[in-house]
Amino acid sequence: APAKAPKACQLTEFVGTAIGNTIGMVIANVDPALHDAMKIDKKYRSIGIVGARTGAGPHIFAADEAVKATNSEVLVIELPRDTEGGAGHGSLIIFGAADVSDARRAVEVMLSELDRTFGDVYGNAAGHLEFQYTARASFALNKAFGAPIGQAFGITVGAPAAIGVLMADTAAKAATVDTVGYASPGNGGTSYSNEVIYMFSGDSGAVRQSIHAARDVGKQLLGTLDPTTELKSTTTPYI
Amino acid sequence: APAKAPKACQLTEFVGTAIGNTIGMVIANVDPALHDAMKIDKKYRSIGIVGARTGAGPHIFAADEAVKATNSEVLVIELPRDTEGGAGHGSLIIFGAADVSDARRAVEVMLSELDRTFGDVYGNAAGHLEFQYTARASFALNKAFGAPIGQAFGITVGAPAAIGVLMADTAAKAATVDTVGYASPGNGGTSYSNEVIYMFSGDSGAVRQSIHAARDVGKQLLGTLDPTTELKSTTTPYI
Amino acid sequence: APAKAPKACQLTEFVGTAIGNTIGMVIANVDPALHDAMKIDKKYRSIGIVGARTGAGPHIFAADEAVKATNSEVLVIELPRDTEGGAGHGSLIIFGAADVSDARRAVEVMLSELDRTFGDVYGNAAGHLEFQYTARASFALNKAFGAPIGQAFGITVGAPAAIGVLMADTAAKAATVDTVGYASPGNGGTSYSNEVIYMFSGDSGAVRQSIHAARDVGKQLLGTLDPTTELKSTTTPYI
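Protein chains in written order, with this note's numbering: chain Y, 1 to 239; chain G, 1001 to 1239; chain F, 2001 to 2239.
Since the hints were derived computationally from the structure, they do not count as laboratory data. C-beta atoms are modelled at their ideal positions from N, C-alpha and C, and glycine is treated no differently. A few of these clues could be false.
Unchecked claim - Computed cross-link-like contacts, SDA-like style, restricted to lysine to any residue with a CA-CA straight-line distance of at most 20 Å:
no.: 1; chain 1: G; residue 1: 1143; chain 2: G; residue 2: 1178
no.: 2; chain 1: G; residue 1: 1173; chain 2: G; residue 2: 1205
no.: 3; chain 1: Y; residue 1: 39; chain 2: G; residue 2: 1173
no.: 4; chain 1: F; residue 1: 2042; chain 2: Y; residue 2: 178
What the hints assert, rightly or not - Across the chosen pairs, the derived CB separations fall in these ranges:
no.: 5; chain 1: F; residue 1: 2085; chain 2: Y; residue 2: 238; range: 22 to 32 Å
no.: 6; chain 1: Y; residue 1: 216; chain 2: G; residue 2: 1042; range: 56 to 66 Å
no.: 7; chain 1: G; residue 1: 1125; chain 2: F; residue 2: 2116; range: 46 to 56 Å
no.: 8; chain 1: F; residue 1: 2231; chain 2: G; residue 2: 1085; range: 45 to 55 Å
no.: 9; chain 1: Y; residue 1: 204; chain 2: F; residue 2: 2125; range: 45 to 55 Å
no.: 10; chain 1: Y; residue 1: 36; chain 2: F; residue 2: 2178; range: 47 to 57 Å
no.: 11; chain 1: Y; residue 1: 188; chain 2: F; residue 2: 2178; range: 30 to 40 Å
no.: 12; chain 1: G; residue 1: 1176; chain 2: Y; residue 2: 45; range: 18 to 28 Å
no.: 13; chain 1: F; residue 1: 2227; chain 2: G; residue 2: 1036; range: 45 to 55 Å
no.: 14; chain 1: Y; residue 1: 233; chain 2: F; residue 2: 2101; range: 51 to 61 Å
no.: 15; chain 1: F; residue 1: 2230; chain 2: Y; residue 2: 233; range: 37 to 47 Å
no.: 16; chain 1: G; residue 1: 1012; chain 2: F; residue 2: 2187; range: 19 to 29 Å
Bound conformation, chain Y alone (with noise of 0.2 Å):
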């Protein structure tokens, strides 16, 4: 589904909203209290705000584009246990800068790259699939992954978990990358959802052709939980 047209909503507050039951939201001065609570330096006096009920890997890639375009930082990386009854996680990213006009740009960023970076998400009744790659990653995905700042890096996500497990074999045999990180449901990495999630990097055709890899085995495999559905992507692949 393509982002919604957003609802008018008059707060200045309010940014924007996308696939994923995802919000944008910016707070020019952030209240010094809840700088404290939230242990953010009083140095971002704005921060932009976007959140979701579905989707991690989506949003930190867009959110790693966001870092990249803007001149804002990203403080907060939180992965909720959610995807409304699926088996993922939602998402919580916070972004800081000195000036609102910032932070808004960073949230008006991530918002608009979101439809792209569902292209690799595929669903069905019985899990999902998610690939993401990057030509150079920043700090959005070394904060979240280890990703090394300026490399190629991808990842392989499998629901459920066990599906994971072989796709990351895959992607680690199919080509010559590195292995950044595995994750799974009680090792840390996830929110004790019901996920395998493989992260590499390498030279940046060598990580596509382990995320192709990766991705042909994991959709027969999803497939045969639910052979009457087709797995289709949720936009339009990218990688």
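Let chain Y serve as the given structure and place chains G and F on it in line with the hints.
Leaving out everything else, chains G and F in the frame of chain Y:
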């Protein structure tokens, strides 16, 4: 929805049911092995047990009335990640008493309060908002949120969590209140739920003023994600 | 519901599917980078992987039969917060073996046991109950629950968690059993799920007697929350 009429259940341990798939029970003499396993002091021979699929704030504020009104103590407050596919919590609350009639009474009072404490819960397909207020916090609110005993105390809850951030800032600015806590999906205080909870005390008028301001903002924001559904109270607003 | 007929899946790694959106797979030679990332000893060249959206008890008890019946070890038992919007868990279980035929056999045995181990799972719109029993616990039950190896062992599970508390007390009183563990939403042993799990060992008759008593009580309690639905076994009761 009002509390369901309890089904005739012949077990002496059964007390009643209420909104939110809530059930209340009592054990007159807890088995010693269970006392140990639950890490509950044996002086509490009797326990009252209230659990729900949906609702943590409503249940904790209702439990607070129960400990005020009865000769019991609140021993356990746990917040499962639940709401039946929604973004928030369920609850498990255990009262201890030396006498079973006291434990039963605590459960009865708590169940009877739930229709009121669900009064400022608002939901749509995209998320939910929750507001709670008491003129005088007691031991359940102290245990769950660190509320100063005897003071007016309130919470704002927004899901997806991003909306809760903006509501927290709104509440902090709307009146002179003291921040007691801030809970988010990944920083503790939630069970990786897609909520931000802001907790504050102050004088009674200030706490209510902050809640009113946050409620006004939250409804506008949550409405942008599901414009066709009117945000109505689950029961009847009380704040 | 019985196990689904597996879709024809051409991947050599695919083994089969079963009830609970369960999938079983095998990797003949795990990639060395994945061995490291998963923290699995390299002597297990081959792994069997079974994951599900719904069910932890049924899967762990089925895995226990698999390790008894095959030349494999259970390396990973993780319990995601899942059940597709329900109150409980899914599962991720990994077997290790030196030889792929042993890993495959473990997966096959486990999948074949699931119809039986779902036999004492009862659900309605408000929650679920689960009971499991073995005359002789082996390594999977020891790893997951601390079950004494070689002894009769059982668990009772109630959701919402409050019902599980009363079932635990009922089981502890019904026969002479030894408490092995008690897991609740916030005290560990669950993944913030809305369940209380009670684990106990003893002689075979006592363990079964405790389960029968808890099952009788649990069905009456869960029925009060959804009086119009009869609580029936997911497959066929076995205890």
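Tested hints:
Among the hinted pairs, residue 1143 (chain G) with residue 1178 (chain G) is consistent with the structure: their alpha-carbon atoms are about 18 Å apart, no more than 20 Å. Restraint check for residue 1173 (chain G) and residue 1205 (chain G): the C-alpha separation of about 14 Å stays at or below 20 Å, so the hint holds. For a cut-off of 20 Å, the pair hint linking residue 39 (chain Y) to residue 1173 (chain G) stands: about 18 Å separates their Cα positions. With a CA separation close to 18 Å, the supplied pair residue 2042 (chain F) and residue 178 (chain Y) stays within the 20 Å bound.
Roughly 30 Å separates the CB atoms of residue 2085 (chain F) and residue 238 (chain Y), a value that falls within the hinted 22 to 32 Å. Hint check: residue 216 (chain Y) to residue 1042 (chain G), Cβ distance near 60 Å, so the stated range 56 to 66 Å holds. Distance hint for residue 1125 (chain G) and residue 2116 (chain F): a CB-CB separation of about 38 Å, inconsistent with the stated range 46 to 56 Å. The given range of 45 to 55 Å is broken by residue 2231 (chain F) and residue 1085 (chain G), whose C-beta atoms sit roughly 21 Å from each other.
Range check, residue 204 (chain Y) to residue 2125 (chain F): Cβ separation about 50 Å, and the 45 to 55 Å hint holds. In this structure the hint that residue 36 (chain Y) and residue 2178 (chain F) lie 47 to 57 Å apart at CB holds, the actual value being about 49 Å. Range check, residue 188 (chain Y) to residue 2178 (chain F): about 33 Å between beta-carbon atoms, so the 30 to 40 Å window is met. The hinted range of 18 to 28 Å is satisfied by residue 1176 (chain G) and residue 45 (chain Y), whose Cβ atoms lie roughly 21 Å apart.
At roughly 35 Å, the beta-carbon separation of residue 2227 (chain F) and residue 1036 (chain G) lies outside the given 45 to 55 Å, and the hint is violated. The hint said 51 to 61 Å for the Cβ distance between residue 233 (chain Y) and residue 2101 (chain F), and at roughly 37 Å that hint is violated. Checked against the given bound of 37 to 47 Å, the beta carbons of residue 2230 (chain F) and residue 233 (chain Y), roughly 42 Å apart, stay inside it. Between residue 1012 (chain G) and residue 2187 (chain F) the beta carbons are some 27 Å apart, a value that agrees with the proposed interval 19 to 29 Å.
Violated hints for the displayed structure, listed by number in ascending order: 7, 8, 13, 14.
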